[in-house]
Amino acid sequence: MTEPSRRTALKRTGAVAATAFAAGLLRPAEALADWNRSAFESKTVADALRNLKVASPADTKDIVIRAPDIAENGAVVPIEIQSNLAGTKSIVVLIDKNPFPYAASFDFAQGALPYVALRVKMGETSNVRVVAATADGKFHAAVKEVKVTIGGCGG
Amino acid sequence: MGDPMKIRTKLEGDVLDVRVLMAHPMETGQRKDGAGNVVPLHFIQTISAQLNGKPVFQADTSQAISRNPVFGFKVKGAKAGDRLSITWTDNKGDKRTDEVTIPTA
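These protein sequence lines map, in sequence, to chains A and B.
Going by this note's numbering, the first sequence runs without a break in its numbering and finishes at 155.
Going by this note's numbering, the second sequence runs without a break in its numbering and finishes at 1105.
Hints may be right or wrong, so weigh each one.
[As the list claims (entries may be wrong)] Capping the alpha-carbon separation at 27 Å, the derived lysine-lysine pairs in DSS-like fashion look like this: (1) K1010(B) / K1054(B); (2) K89(A) / K1079(B); (3) K1010(B) / K89(A); (4) K61(A) / K1076(B); (5) K144(A) / K53(A); (6) K1079(B) / K147(A); (7) K43(A) / K1092(B); (8) K89(A) / K53(A); (9) K43(A) / K1032(B); (10) K97(A) / K61(A); (11) K97(A) / K1032(B); (12) K89(A) / K1076(B); (13) K1032(B) / K1054(B); (14) K1010(B) / K138(A); (15) K1032(B) / K89(A); (16) K1095(B) / K138(A); (17) K138(A) / K1054(B).
[To be verified] Part of the chain B face toward chain A, derived, beta carbon under 10 Å: (18) R1067; (19) N1068; (20) P1069; (21) R1083; (22) V1100; (23) T1101.
[As the list claims (entries may be wrong)] Some chain A residues judged to face chain B by a derived CB distance under 10 Å, without partners named: (24) A46; (25) V76; (26) E80; (27) S90; (28) A109; (29) A112; (30) L118.
Because the hints were derived from the structure by calculation, they are not lab data.
For clarity, every value in this text was computed on a predicted model and none was experimentally measured.
Note that CB positions come from ideal geometry on N, CA and C, so glycine has one too.
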């Protein structure tokens, strides 16, 4: 009668694993593998850029940011970004005055065009800052101010 | 597993215009519920899109993305019959993948 007890033991192991998973003790490793926690938790643009290893971005007019001049609802601010810089590999979006400015980054590969549309939350009137990384290892930046009449950060 | 994503695609020549809507609360960790308790952080952290199994578009995101996120992106060199698969993962380890086949225009 060893069989039933082995089965019970297996069942128990499974249950323990499931409980640990539910409690957040065993997180899937890949979910956080590349996610740059230090940059996402930075409270200033300068810190976020440093943690993202963005060095001295040059101002450019070749990044087009389409966003409303005045956003009535800070909870949903539509932004469209198009880079006209040759060899754009990735785009980083920061909202200067949000509690954590680094909002998102986007990587393009295998024919994806350096374009992205997204919707962000903005706590108050702020610059939306876009930094593009190009294949030559350089960084380029553009900003657009969006005035917010009602904040979107749980206010 | 959240609700299915809504993925809309449009082929313009060989450029595929993708728009995806994900159902997710995107809690900032700053909002309080009716009882005054802080609602914990809960947001999508990574998104990846693959065309015929090849990664084309990837995003790392924060809680600053609006609730029920919508993203648009474009892929050159796509054609009808291609398979587009999109996956997101959130900070609680939840994930969801949805796939569509690009219809003939």
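Results of checking the hints against the structure:
{"no.": "1", "hint": "K1010(B) / K1054(B)", "verdict": "19 Å, holds"}
{"no.": "2", "hint": "K89(A) / K1079(B)", "verdict": "23 Å, holds"}
{"no.": "3", "hint": "K1010(B) / K89(A)", "verdict": "23 Å, holds"}
{"no.": "4", "hint": "K61(A) / K1076(B)", "verdict": "23 Å, holds"}
{"no.": "5", "hint": "K144(A) / K53(A)", "verdict": "22 Å, holds"}
{"no.": "6", "hint": "K1079(B) / K147(A)", "verdict": "40 Å, violated"}
{"no.": "7", "hint": "K43(A) / K1092(B)", "verdict": "22 Å, holds"}
{"no.": "8", "hint": "K89(A) / K53(A)", "verdict": "15 Å, holds"}
{"no.": "9", "hint": "K43(A) / K1032(B)", "verdict": "21 Å, holds"}
{"no.": "10", "hint": "K97(A) / K61(A)", "verdict": "22 Å, holds"}
{"no.": "11", "hint": "K97(A) / K1032(B)", "verdict": "21 Å, holds"}
{"no.": "12", "hint": "K89(A) / K1076(B)", "verdict": "14 Å, holds"}
{"no.": "13", "hint": "K1032(B) / K1054(B)", "verdict": "41 Å, violated"}
{"no.": "14", "hint": "K1010(B) / K138(A)", "verdict": "32 Å, violated"}
{"no.": "15", "hint": "K1032(B) / K89(A)", "verdict": "38 Å, violated"}
{"no.": "16", "hint": "K1095(B) / K138(A)", "verdict": "33 Å, violated"}
{"no.": "17", "hint": "K138(A) / K1054(B)", "verdict": "26 Å, holds"}
{"no.": "18", "hint": "R1067", "verdict": "7 Å, holds"}
{"no.": "19", "hint": "N1068", "verdict": "9 Å, holds"}
{"no.": "20", "hint": "P1069", "verdict": "7 Å, holds"}
{"no.": "21", "hint": "R1083", "verdict": "14 Å, violated"}
{"no.": "22", "hint": "V1100", "verdict": "16 Å, violated"}
{"no.": "23", "hint": "T1101", "verdict": "18 Å, violated"}
{"no.": "24", "hint": "A46", "verdict": "17 Å, violated"}
{"no.": "25", "hint": "V76", "verdict": "5 Å, holds"}
{"no.": "26", "hint": "E80", "verdict": "7 Å, holds"}
{"no.": "27", "hint": "S90", "verdict": "9 Å, holds"}
{"no.": "28", "hint": "A109", "verdict": "6 Å, holds"}
{"no.": "29", "hint": "A112", "verdict": "4 Å, holds"}
{"no.": "30", "hint": "L118", "verdict": "5 Å, holds"}
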